[in-house]
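Take the two lone chains and join them into the complex the hints point to.
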Amino acid sequence: MEYLGIALALAGAALAVGLSGAGSSIGVANAGKAAAGVTAEDPDKFMKCLILQLLPATQGIYGFIVGFLSLIKLDMFSGSLTAISTAGGMGIFFACLPIAIGGLMSAIHQGKVAVSAIGLVAKRPEESTKGMLMTAMVETYALLAFLISFLAVFIPQWA
Amino acid sequence: MSIVKMRKMSLVAHNSERNKLLRIFIKNGCIEFVQSKDADTQDVREYADRIAKLESKQYKVAFALSFLKETVKSINLKEPDKKKHLSVNLKKENRLVGYEEYVEASKEEMELLARIADMEQINTRLTDIKSEISRIKGTISQLTVYKDIAIPFGMIKDTEKTFSLLGTIPAERVEELKSKMPEAAEGEFALTDKTAAVLIIAHKDHKEEIMTQLAICEFVRANLDFECSASEEIGRLEQKIHMLEEEQHKRLESVKGYLSYVETLKITYDFYSLEIEKVHAQELCLKTKKAIVMEGWVPVDKEKKLRSEIEKHCSRVEVEFRDPTEDEVPPTQTRNNKVVSAFDGITDMFGAPNYREKDPKLFVAFYYFLIFGFMLGDAGYGLLMALACFIFTAIKKPVKNSGQMIVMFGFCGVSTVLWGALFGGWFGATPAFMDKFNLYWFKPLEQPLIMFALALGVGLLQIGNGFALHGIATIKQGGIKNILLGVLKDFGWVVMIIGLFLFSPSLLSFLGIIKGELSAGVNLCVSIGTYVALVGAGMMLVSGVIGKKNPVKAVGGVFGNAYGAVNVVSDVLSYSRLFGLGLTSGVIGYVVNMLAYDVIVVMFCGGQWFGWIIAVPVLVIGHVFNLAINLLGAYVHDSRLQYIEFFGRFYEGSGHAFKPLGSGVKYTYIDN
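Protein sequences, first through last, are from chains A and B. If you want the working numbering, it's the 1-based position in the first sequence plus 517. If you want the working numbering, it's the 1-based position in the second sequence plus 22.
Isolated chain B, as found in the complex (with noise of 0.2 Å):
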């Protein structure tokens, strides 16, 4: 549990050597740039240039990646009655590639990017054919209304003496239509739902009386521009659009093919990447005509080797490693053991400690796993959380920290277990032996506030060691006045809170827990935890006190500190999410539990076998909903305790995080 010692490398080399030391320093993946003093910025454009040239590909390479997948999906829609469905993963790849994987791709870059053109092609085609497709159906959709007219439409022509007129009007104004045409007119009418089709044939003389009417009819004139009947044109429109589905058919098969280069165009992708982080960090160099400046950031336990390694490859180089100064700040790398680190996530979300501060990974990995399963409460959930966890990351082998969060899960599930057993909670009920053998500590629905104490006591405890560790950074700052501060402010309140918990004998034999009298001891405990606890407030009132010279201004700080400690009960009080959520879990899975056996089995089917056909299902989907949403609500709360109630009292958390060159990788882990 610590904060890795950051050493600063200072390099100075010849420029043919640069290419050898980014390799050099991307496998080993353990340095930061930071920028060299006066690094100019006369090169501005020439990196500009590199890093759009490699973004332009870099982007091609995106394409293709969601084209396949886009495809695929399209694919997949088509053929909804397959089995085996094709799919395009776009998650980081489950193993370590290493630097020599990456530039092996690039070697066929030119191979690929030939690839990326064809499916770009095909992509334009069946961009073109899908949109085809819609306006010809969009043709068709107008043409169906005229489908029942029989004559070819290139014979409807205006001879010597009559005229003719194709169109729609309203269905519903057909009747009204027939009824006003003069006799010597011929009108042929096809209705379809809504619009009804005309056609007129008609003398000329009466082509004034004809239009009116048709005009208050809402007569609209078709234009159509082909000469045989409407129903051929339908046909040889749908002929059309089978034609366009088979190309498309053919293109969609086509980009199976392609399928095999997803894994290359990964780590093609992370090559650029790679790449654009190498110029990123010459950025920040100092140069000369000859020669180029690295500085950067090392973990001291990597100098060793990086110095080995910059000594055998290259020769034209001068490298030291020195001690940060006071007023530099490196980047924070923290190094814990596997369980502690499961818990990285959680902290890492707030934000990295800085430099100088204490690593709280430890504690916040304690009290998470404490307080979550607290929170859930029931031994059977834990057991399933946990086999599932420790069994998913058995048979994946998640690399590097990709399944961090899961182990966290699993552990989490393991500190459910405790819990659960010991509030006799196994899937919302407590089964019979161990009612009887009384293997359980107490029933949180018998003695729910037996339970709220203990919520507050964990509150209690975990704010105590955040005031602690506090006092212990405000002490290690030096002077008399942190000092003080540190020994009376901060360990005033720890001195307080291990008086109350000396009131806790007393407070459990209140409950009924210890049963029987008093005894000397616990009274003695009282006793003695009271003289503690106003010994802790005294301290913690004073300590208003230093650093003032003006008594009033004295006297005021003791009642800030006063005030203050309204936000530390506050603070406690709000621990009693726990036992909330807590009893939300068991109340739940017992409701559960009475629905399918009580309810549904012996009311219901009086106790027949039969009951259990309905009764399982309830069971089953009723106890997943319920391990799902308090699984949500424990994540989420024991953040929110670790970031509010824990990291207020001593933590910051305004470190920035140390990314080495060669982190930037988005599909793949290098191997570094």
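For reference, chain A alone in the conformation it holds in the complex (with noise of 0.2 Å):
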């Protein structure tokens, strides 16, 4: 049971990672539907297009380095394995549920504007910024979890 924090910490930041990851594809996904529809009609839109698909794509980005610092906490890429308490493991793993599960629904849903905001451009490509802030709106409560998962797995001394 030695290594059974750095297990619990490793479960966190698998999920920070994959649930994140997982919502931002789907998302994306989603987007890149619309966006290929769309530039079959005009391949002129298609930077306009792709910029509105990729603004999913963050949530996946934050619960990167959400697992990349709980990684850099666990003093991984020394080689050696330090052992932290359980207690600590289950903090860190606690302090990646933010990003996991708010990265996951909220790039699900991004991915629905971002679609919405395709057809915007597909009919009025001029007012492709609207779409895009439309989009980012979303965003704001992915950056809230990553702000709240970033300080609580960075700032504490676990061990």
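Keep in mind that the hints were calculated from the coordinates and are not lab data. There's no promise every hint is true.
[As the list claims (entries may be wrong)] Label pairs and their in silico Cβ distance ranges:
#1 B/Asn37 to A/Ala553: 55 to 63 Å
#2 B/Ser531 to A/Ala546: 43 to 51 Å
#3 B/Glu231 to A/Ala553: 28 to 36 Å
#4 B/Glu101 to A/Ala546: 29 to 37 Å
#5 A/Pro673 to B/Val642: 49 to 57 Å
#6 B/Val125 to A/Ser633: 42 to 50 Å
#7 A/Ala553 to B/Asn98: 16 to 24 Å
#8 A/Phe594 to B/Ser531: 32 to 40 Å
#9 B/Ile568 to A/Ala546: 49 to 57 Å
#10 A/Ala546 to B/Trp631: 58 to 66 Å
#11 A/Met518 to B/Val557: 57 to 65 Å
[What the hints assert, rightly or not] Just so you have them, the derived chain A footprint on chain B, three or more residues with Cβ under 8 Å:
#12 609 to 622
#13 654 to 662
By construction, the Cβ of each residue, glycine as well, lies at the ideal position given by its N, Cα and C atoms.
Printed below as a string of structure tokens:
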């Protein structure tokens, strides 16, 4: 049971990267389907659609950062395994949850808004920035989740 | 930084001067027409006809442009190995076009329309050829199944005693059919993947029996109308396709000759746009048989020049200018110096300020600049951005306002360099000599709380500024109530925020930036700050009473204001995104470096030189990706902070932007 702490912390990192990445891939995939349709009609709208498609991608990155910081906290990159307490591992596990859950849900829903915004680009390409802004609104909550996860993983001296 | 004062021009002219006047207006590009009072609609039909005529010509030009673009695309597709691809640029021409040039281009109208008719013809022929080729290809694919049957089809005929049949059956039925054929029948089978061609010649006595067997085997009779054998026919058709393709190639080549017309087409297209605008302008005018009344808004600084030009060129005109009255709403034109107007796009996207509102562009420019760098926070990226944008502008020299956005990103790059230097971030790392001499303020990854506090500090600053602007606008409206509201409510917030800022020394020492014991000065700051903030909060709360006589409602107002504070707090917290995005770019940069150096070079390649062969592409791709994704994030989130957190305090953006006659051009920049 010496390494239970590490295992728990790794589970947290796995959830942070995995769930937020899953959310982002769902969001980006949905937006991508719509983008491909619009681009088929008018290839000149490709760039605008691509930008919108990319917006739900950030959650995956936030999750990745939190996961990565957890690994740094666990001193994984030194090559040796330093055990931390079960409570400490639990702490990192819970600290990872906000971006795991928030990232998953917000990316899926941001993807839906991105799909609508791509529809907006199809009809009125000159208004694409407004679509971008609407899509970015959803991201606020992913950012908030990321902040809490980041601070909670990074600031305390987990041991 | 200001909204340009507008003057209303009213003008009465003899009808003969009309066209001359419109030309002067377009050349000067400084008047937006408004509907004259009582402008009747008697001539609606005439105007509609003229517009329809112009639009149909414009439509033809648009066809020619899109035809050329599409055709060039298919030419390029046909010659993929050619190095230099042809291209048709449908973007705006990057030069100023004088009004005379439009008129000059329109003189060649007949010639141009004839060329367009040629293009239409080529287009029709090309479409025909395309459908003909695909039709023939369809026939060929139907015939392929028969190509191993060598008998000319003209010879397959019934005789006195025999009958013959040609057709297809599914390939898997061949054996079945063969076994069931009566001996007196001759069958020839030719197999392809899925279907088999069947030729049967038999005595008429067996006809019924054979027909039944064939029906069981899903026989489909061929319906062919040529005499030669299938392979000959296929050869003939392929020859035809070849000829068609040759013609297609020739036609496509001939299109290349029209590419020199692209610029003329663009100018002519915009000539029609201008003409249509002119007709629309006349619709707004009041007319009699002999005279016409025109009215419109002119920026005050253009008035003199416009008046002198009108007087110079037209004799039978009476023109006068006056200030707008209280109930008129003139269009808005803002004028700022070059640095501030680079950020125009941000405000314009939200909406132009009302004519009587304050122009927020100076503030937007300042905060956009400040926040962008914070969000990207890496001096290396900033340097790349600034260099790329400024070099591009210097080489391309975009005319009019077309390069504004790029210049804006250039400035944002500068801001990023400044913040990045403070954070010690150069492509995700801090150079060793900077570490040695402490050439940075703090590293966000080491002291994230300072960065968090800083982000909220920027938020407080901008929101306080928003309150101050709103307060000034309210006070300017006059009246005791407004003045009280402005002073107590808005400036109450300003005072409160100033009080909070006085806490910053103690906060900094708490976060460990100022080392050692709290000095007396810091403590003094805190106590002064407390009182100032309390006074501000008091002012803000008391303002809820203003204008309410009923004491219950007054208390309600106080509570309402207290509740409103929640919004302000949540808006300030919204600035934590600065912190989040700033960290994101820093951490990803760090990860990329670590992946390239620690993992690839040291771990996998043992620090040998060849490790760098893999590491360098990883570094380049990683940093480009990081820059791209964070650039997008910074652009969008920075805009959001301006629109929601900042504009929400004071700005409506309910005006409509000044659109002078001659601004509706699509492919060119008119010189005015």
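| said: Within 43 to 51 Å: is that where the Cβ-Cβ distance between B/Ser531 and A/Ala546 falls? | reply: Given range 43 to 51 Å: holds, Cβ gap about 50 Å.
| message | Within 42 to 50 Å: is that where the Cβ-Cβ distance between B/Val125 and A/Ser633 falls? | response | For A/Ser633 against B/Val125, whose Cβ atoms are near 45 Å apart, the range 42 to 50 Å holds.
| query | If you look at each residue in the region 654 to 662 of chain B, do at least three have a Cβ nearer than 8 Å to any Cβ of chain A? | reply | holds (count 6)
| message | Closer than 8 Å Cβ to Cβ for three or more residues is the test here. Does the region 609 to 622 of chain B pass it with chain A? | response | holds (count 5)
| task | For A/Phe594 and B/Ser531, compare the CB-CB distance with the range 32 to 40 Å and indicate the outcome. | result | holds (34 Å)
| request: For B/Asn37 and A/Ala553, compare the CB-CB distance with the range 55 to 63 Å and indicate the outcome. | output: holds (56 Å)
| request: Look at the Cβ atoms of A/Ala553 and B/Asn98 and judge whether their distance stays inside 16 to 24 Å. | output: holds (22 Å)
| query | Is the distance from the Cβ of A/Ala546 to the Cβ of B/Trp631 consistent with 58 to 66 Å? | reply | Violated - the Cβ-Cβ distance for A/Ala546 and B/Trp631, about 41 Å, lies outside 58 to 66 Å.
| said: Assuming the hint says 29 to 37 Å, is it satisfied by the Cβ distance from B/Glu101 to A/Ala546 or not? | reply: 36 Å Cβ-Cβ, so the 29 to 37 Å window holds.
| field | Range hint compliance [Cβ, B/Glu231 to A/Ala553, 28 to 36 Å] | value | Cβ of B/Glu231 to Cβ of A/Ala553: about 57 Å, so the range 28 to 36 Å is violated.
| request: Take the C-beta atom of A/Met518 and the C-beta atom of B/Val557, compute their distance, and say whether it sits inside 57 to 65 Å. | output: holds (59 Å)
| task | Could you check the hint for me, namely that A/Pro673 and B/Val642 are 49 to 57 Å apart, CB to CB? | result | Since A/Pro673 and B/Val642 have Cβ atoms about 36 Å apart, the given range 49 to 57 Å is violated.
The structure fails hints 3, 5 and 10 (numbered hints given earlier, in ascending order).
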